[in-house]
Amino acid sequence: MSQGAGTLSAETGLARRAFAICRKDAAVELRRRVAAASVLFFAAACLTLVSFAIGPFGLPAEGRDTVCSALLWIVLFFSAATGLPRAFVREEESGTALALRRVAPAAAVLAGKALFNSILFLAIAVLTVPAFALLLGWRIESPLALVAVLVLAGVGLSIVSTFLSALVARASQKSVLFVIVSFPLVAPLLLGAIAATVAASRGEIPWTTLRVLVAYDGAAACGAYLLASAAWDE
Amino acid sequence: MKFLKLLLLPGMAAMVASAFLWPAPAEGFLGESSRIVFFHVPCAWTATLAFLVAAGYSGAYLARGNPWHDDVAAAAVRLGVVFAVLALVTGSFFAKIMWGSYWNWDPRESSFLLLLFLYGAYLFLRSAIDDPTRRGRISAAYALFAGVLMPFLVFVAPRVTQSLHPQTVINPQGRILMDTPTKVVFFAGLAGFSAIFVWMLSLDARSSRLARLESA
Numbered sequence: 001m002s003q004g005a006g007t008l009s010a011e012t013g014l015a016r017r018a019f020a021i022c023r024k025d026a027a028v029e030l031r032r033r034v035a036a037a038s039v040l041f042f043a044a045a046c047l048t049l050v051s052f053a054i055g056p057f058g059l060p061a062e063g064r065d066t067v068c069s070a071l072l073w074i075v076l077f078f079s080a081a082t083g084l085p086r087a088f089v090r091e092e093e094s095g096t097a098l099a100l101r102r103v104a105p106a107a108a109v110l111a112g113k114a115l116f117n118s119i120l121f122l123a124i125a126v127l128t129v130p131a132f133a134l135l136l137g138w139r140i141e142s143p144l145a146l147v148a149v150l151v152l153a154g155v156g157l158s159i160v161s162t163f164l165s166a167l168v169a170r171a172s173q174k175s176v177l178f179v180i181v182s183f184p185l186v187a188p189l190l191l192g193a194i195a196a197t198v199a200a201s202r203g204e205i206p207w208t209t210l211r212v213l214v215a216y217d218g219a220a221a222c223g224a225y226l227l228a229s230a231a232w233d234e
Numbered sequence: 235m236k237f238l239k240l241l242l243l244p245g246m247a248a249m250v251a252s253a254f255l256w257p258a259p260a261e262g263f264l265g266e267s268s269r270i271v272f273f274h275v276p277c278a279w280t281a282t283l284a285f286l287v288a289a290g291y292s293g294a295y296l297a298r299g300n301p302w303h304d305d306v307a308a309a310a311v312r313l314g315v316v317f318a319v320l321a322l323v324t325g326s327f328f329a330k331i332m333w334g335s336y337w338n339w340d341p342r343e344s345s346f347l348l349l350l351f352l353y354g355a356y357l358f359l360r361s362a363i364d365d366p367t368r369r370g371r372i373s374a375a376y377a378l379f380a381g382v383l384m385p386f387l388v389f390v391a392p393r394v395t396q397s398l399h400p401q402t403v404i405n406p407q408g409r410i411l412m413d414t415p416t417k418v419v420f421f422a423g424l425a426g427f428s429a430i431f432v433w434m435l436s437l438d439a440r441s442s443r444l445a446r447l448e449s450a
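The listed protein sequences derive, respectively, from chains A and B.
Here my numbering is used: position 217 in the first sequence is 217, and no number is missing along the way.
Here my numbering is used: position 105 in the second sequence is 339, and no number is missing along the way.
What the hints contain is simulated information worked out from the structure, not anything from laboratory work.
Built from N, CA and C at the ideal position, the CB exists for glycine as well.
Keep in mind that a hint or two might mislead.
Unchecked claim - One-sided and incomplete, this derived list gives chain A residues near chain B with beta-carbon spacing under 8 Å: (1) 44; (2) 45; (3) 48; (4) 175; (5) 183.
To be verified - Pairwise CB distance ranges, derived in the manner of DEER restraints: (6) B:368 / A:82: 25 to 35 Å; (7) A:175 / B:421: 27 to 37 Å; (8) B:415 / A:222: 42 to 52 Å; (9) A:32 / B:389: 34 to 44 Å; (10) B:415 / A:175: 26 to 36 Å; (11) B:248 / A:202: 53 to 63 Å; (12) A:82 / B:238: 52 to 62 Å; (13) A:95 / B:367: 29 to 39 Å; (14) B:247 / A:82: 25 to 35 Å.
What the hints assert, rightly or not - These stretches of chain B come out as covered by chain A in the derived footprint (C-beta under 8 Å, 3 or more residues): (15) 315-323; (16) 362-370.
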């Protein structure tokens, strides 16, 4: 009985520390706004370019959903790639990594930063997706299915990006390395997200792809949890 | 062990000769193009085996911290990348004959290309970290994490999308759809390529260990 209570308390401690780290990252971000500003600026630049080049009448009706879905995820992925990797790099650059290692276990640090990155990604999506649909005159028949795709793919993208950020934080050529190591790992997620977005825009509910996204998120979360110590601890 | 290595030369020579002379070309394929299965599939299999070996030794390195396990994992990835390139090149020849172009962005072609990028990235990651202990631990963590997500590339993505690729050995019917001569040469090829991989892995890992001991 006491052992069970101990395990429960350790898990509660982990969750509490993860939330504390997420709150700490949010406070730092609200003070400095480096990640949010760079991500939003990048997203706005991409949207302007895409909108200027294509506009609401630049695409034929046939194949419009596929092209728009692919462009939307290109904008979201590259915008996220400018901000999400900063999770651990910032700790190393500002010299706070050692203190963070002392106050919380690696799994809690990773969970907290993945949570913050997920919130950041969803905030970008909330601003970018309606603007994208408006500027390109793109009608999404099943908005709820699109929300499910954005949440599942966003969580997966955040978990993988956070874990890889911990790996590359102490390597040389961090930003180039992050793109090289992240692209093949998130490619199946992005391809699934694009296929599901096409289905959502046509009014279908892509159950199979949504299940694949759930499985990917689960596998990534388990892998990151088990390997957190190897990636982050000294 | 030395006898087995000596046996590999006539064994592989017999397998290559049989691949061109013994089984009849499979039905439903242009000309002799189906014979690529004796080289293309063993290359793809060996690449997958190499990446699984890398994941296994990476796990062992994280558990025990023995640098030899890191040497073997890195050597397995290097060889896996070589066999993956061979699988892509042989697959491209088949694609040119059957579908008219070397590259068609077929889901199976694309997923194998991404697999190549995945383990190419492992080698980039290793080269970007100077400290050997940190390099070993971070590379092992990446190899294991990649091992967790690899099934989505190799098994899930090609099966949830339409593919032109012929049915694989692991198919929905759960049967190997080959006649006896084809099956014999095919499995001899798998065994031969796997044996070559094990031999090359041993040479590469031992040479890495020597380089490590010299620099220490």
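Structure-based check of each hint:
1. 44: Violated, because the Cβ-Cβ distance from residue 44 of chain A to chain B comes to roughly 29 Å (cut-off 8 Å).
2. 45: This interface hint is violated because 26 Å lies over the 8 Å limit.
3. 48: violated, 29 Å
4. 175: Since chain B brings no Cβ nearer than about 11 Å to residue 175 of chain A, farther than 8 Å, the hint is violated.
5. 183: holds, 7 Å
6. B:368 / A:82: 25 to 35 Å: Holds: the Cβ-Cβ distance is about 26 Å, inside 25 to 35 Å.
7. A:175 / B:421: 27 to 37 Å: violated, 47 Å
8. B:415 / A:222: 42 to 52 Å: holds, 44 Å
9. A:32 / B:389: 34 to 44 Å: holds, 43 Å
10. B:415 / A:175: 26 to 36 Å: violated, 54 Å
11. B:248 / A:202: 53 to 63 Å: holds, 55 Å
12. A:82 / B:238: 52 to 62 Å: Hint holds: Cβ distance 53 Å, inside 52 to 62 Å.
13. A:95 / B:367: 29 to 39 Å: violated, 22 Å
14. B:247 / A:82: 25 to 35 Å: violated, 54 Å
15. 315-323: violated (count 0)
16. 362-370: Since three or more residues must qualify, the claim that chain A covers the segment 362-370 of chain B holds, with 4 doing so at under 8 Å.
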